[in-house]
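There are 2 protein chains.
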Amino acid sequence: MENKNVLLQAYKQAKYQVTGHGKRDITVLKEALARVSEELESDMYGKGHVIEAFQEKMAAYLGKESAVFFPSGTMAQQIAMRNWCDRKGIKRVAYHPLCHLEIHEEDGLKELHHIESVLLADENRVIELDDVVNMKEEVSCLLLELPQREIGGQLPTYKTLQEISDYSRNKGIKLHLDGARLFEILPYYEKTAAEICSLFDSVYISFYKGIGGVAGAILAGTQDFTEESKVWKRRHGGDLISLYPYILSADYYFDQRIGKMEEYNSGAKELADLYNTCGAVCTLPIKPVSNMFHVHFHASKEQIESILAETINETGIGLTGHLRENGEEDCFFEVSIGDNYFNVPKDELKHAFVLLNKKLKERVLA
Amino acid sequence: MENKNVLLQAYKQAKYQVTGHGKRDITVLKEALARVSEELESDMYGKGHVIEAFQEKMAAYLGKESAVFFPSGTMAQQIAMRNWCDRKGIKRVAYHPLCHLEIHEEDGLKELHHIESVLLADENRVIELDDVVNMKEEVSCLLLELPQREIGGQLPTYKTLQEISDYSRNKGIKLHLDGARLFEILPYYEKTAAEICSLFDSVYISFYKGIGGVAGAILAGTQDFTEESKVWKRRHGGDLISLYPYILSADYYFDQRIGKMEEYNSGAKELADLYNTCGAVCTLPIKPVSNMFHVHFHASKEQIESILAETINETGIGLTGHLRENGEEDCFFEVSIGDNYFNVPKDELKHAFVLLNKKLKERVLA
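Same order as they appear, the protein sequences are chains A and B.
Taking this note's numbering, the leading residue of the first sequence gets 1, the next gets one more, and so forth.
Taking this note's numbering, the leading residue of the second sequence gets 1001, the next gets one more, and so forth.
Misleading hints may appear alongside valid ones.
As the list claims (entries may be wrong) - Some chain A residues judged to face chain B by a derived CB distance under 10 Å, without partners named:
no. : residue
1   : R24
2   : I26
3   : Y61
4   : Q77
5   : Q78
6   : L98
7   : E102
8   : H104
9   : E106
10  : G108
11  : L109
12  : V214
13  : G216
14  : R235
15  : H236
By construction, these hints were calculated from the structure, which means they are not laboratory data.
Positions of the beta carbon are idealized from the N, C-alpha and C atoms, including for glycine.
If we strip away everything but chain A, and leave its shape as in the complex, we get (with noise of 0.2 Å):
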């Protein structure tokens, strides 16, 4: 299967890696441990000092009265649209068409919680104000997805959630936020996350894709959303007895990594716009708006493949190591950028993207 895989196999084997923070290796974990005393107790079936200690940073950080950790984002979304659901009586909420509780989660928030979704704006952009106020149906919560990964992580403006956040406040829907890529998105509002989620009634954030950690999320609200929210993580399974290792983790790389993202964005614009002088290249948004961004051609998957994989293995810039078909003429791939990309020489870079261009100009656009 791997010998198969030649894009990934050029990837891994390349002298430098574009994209991520990293090898998800089990030097993330023993880093993320190392300094932490060996006399820390684990955390009990969500007690415990390690574990209330991490929620009260994550509650005050994101400006909520309280904040609860748990295994996954699947699980903590699902609970979120359970409990806005029950306190209004109404079974359905609203989100974009790609978001990632109708297309990622084998319909979970259908099957166990017997919630329908109705799905706002299309594929192809953000959810704006006239969406919401032309939903017919009634639903108990509206989900933002900032930014909006499956497009790419394209955002609205500020202005539209301000907007959103005061009509929904003023029809009795709840703000919901998946902050799955929360902090990634700062430097672009030019806000705090406690200003951002003062717009929303509950929050979702992540801790393995910006942030770099091993898994594990964070759940914010009030006070008493937060307690309803642990009843159903022992009933999803989710209350585990030690949850400390994705816990320490995730405190060790929220505070290497949480004053990045200025430099993330950054480095994501410098690389859309060399893609961008490509032939037969777009990324998507042209200029991103986080830390990441994807990277359209309009070429077949089979051919984009193999001059991809001939780039990386000439150049030992490794790119990427997926790519996506989306129809016949187009394929893409996601870039997410981390610490990674500060370890790649500027110029073999360009180098790189020289060689790529020349490729596609004399095979896709010739």
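Since chain A is already given, all that's left is putting chain B on it; use the hints.
Below, chain B alone, put in the same frame as chain A:
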């Protein structure tokens, strides 16, 4: 809070702890990781060498076709119940009144899966063949917990197990094993895990009881059963990007301790004998059939708490840190024998019991 709990305080400060494997601090994880190659790659959403190899190892150990690693037994067992109910089209399962699903999971089975429970036997004894034969409701699955933890870890005879298994197969009822403490009962039955599991259609095992890992569980059965379980694992939010902290520690401590279960059982029998020599004390069962038992005192919790705390403080032998009320004239605690027991000098242990017995005679029996 700590200050008020004199018993827990005494236990923690004692020179020796009689129960368990040791503190649940981060050295448990660090030790498990110490000898693992730093380059070992993380599992990725249920795929990859680290998770697949361990699943195969456990499937082979249990004599089942396939196994899935879960973050928790709560999640694994609800999903097992759901699978069997969906297959038969009857949303009802049978188990003991003190089953984990009935009393420790905030009714997840009912609230998330809308599965009803039929309670067999009564709270003071294990499920016998007659309970199953006389069951009036039609159920999809019967869950047996071996040993029955909440009544001190009691077991039916092996013949009863075989008869229940035969009867269930004939009646088209799936038999599920709550094997949270399966390893711990193998010496008593003088059977391999695979022999016992052959009586069951699905099996759950845990890695932080007798094995002493950080957290995590395995659910095993046929290939199609585990494939269905993986879909529900994602729905529950348990298909984490990385479960390796739990997997690596489960694997490490499995290898460390799987050979010690006979020793733990012997220790439990020896220690129960010591308790039973004391006045006003009775263990449940009288002769432990696993590494665990309960110690009941015919006196108020308040009275026993101070007697135990004094005994611990005066001898340095940490008998227990917890005591639970069971009506006005009874209180009890659970004992699980692990590595700690074998570090306690036998003469000092016996001396503690002489002292305990003296105090009980003077203050409870007098």
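Consistency of the hints with the structure:
1. R24: 4 Å, holds
2. I26: For I26 of chain A, the interface hint holds, since the closest Cβ of chain B sits about 5 Å away, which is under 10 Å.
3. Y61: Nearest chain B Cβ about 22 Å off; hint violated.
4. Q77: The hint holds - Q77 of chain A has a Cβ within 10 Å of chain B, the shortest such distance being about 8 Å.
5. Q78: This hint holds: Q78 of chain A lies near chain B, its Cβ roughly 7 Å from the closest one there, short of 10 Å.
6. L98: This hint is violated: L98 of chain A lies away from chain B, its Cβ roughly 17 Å from the closest one there, beyond 10 Å.
7. E102: 13 Å, violated
8. H104: 8 Å, holds
9. E106: Status holds, d = 5 Å.
10. G108: Status holds, d = 3 Å.
11. L109: OK, holds: L109 of chain A within 10 Å of chain B, min 9 Å.
12. V214: 5 Å, holds
13. G216: 8 Å, holds
14. R235: With Cβ-Cβ at 3 Å, under 10 Å, it holds.
15. H236: Hint on H236 of chain A: holds, closest Cβ of chain B at ~5 Å, below 10 Å.
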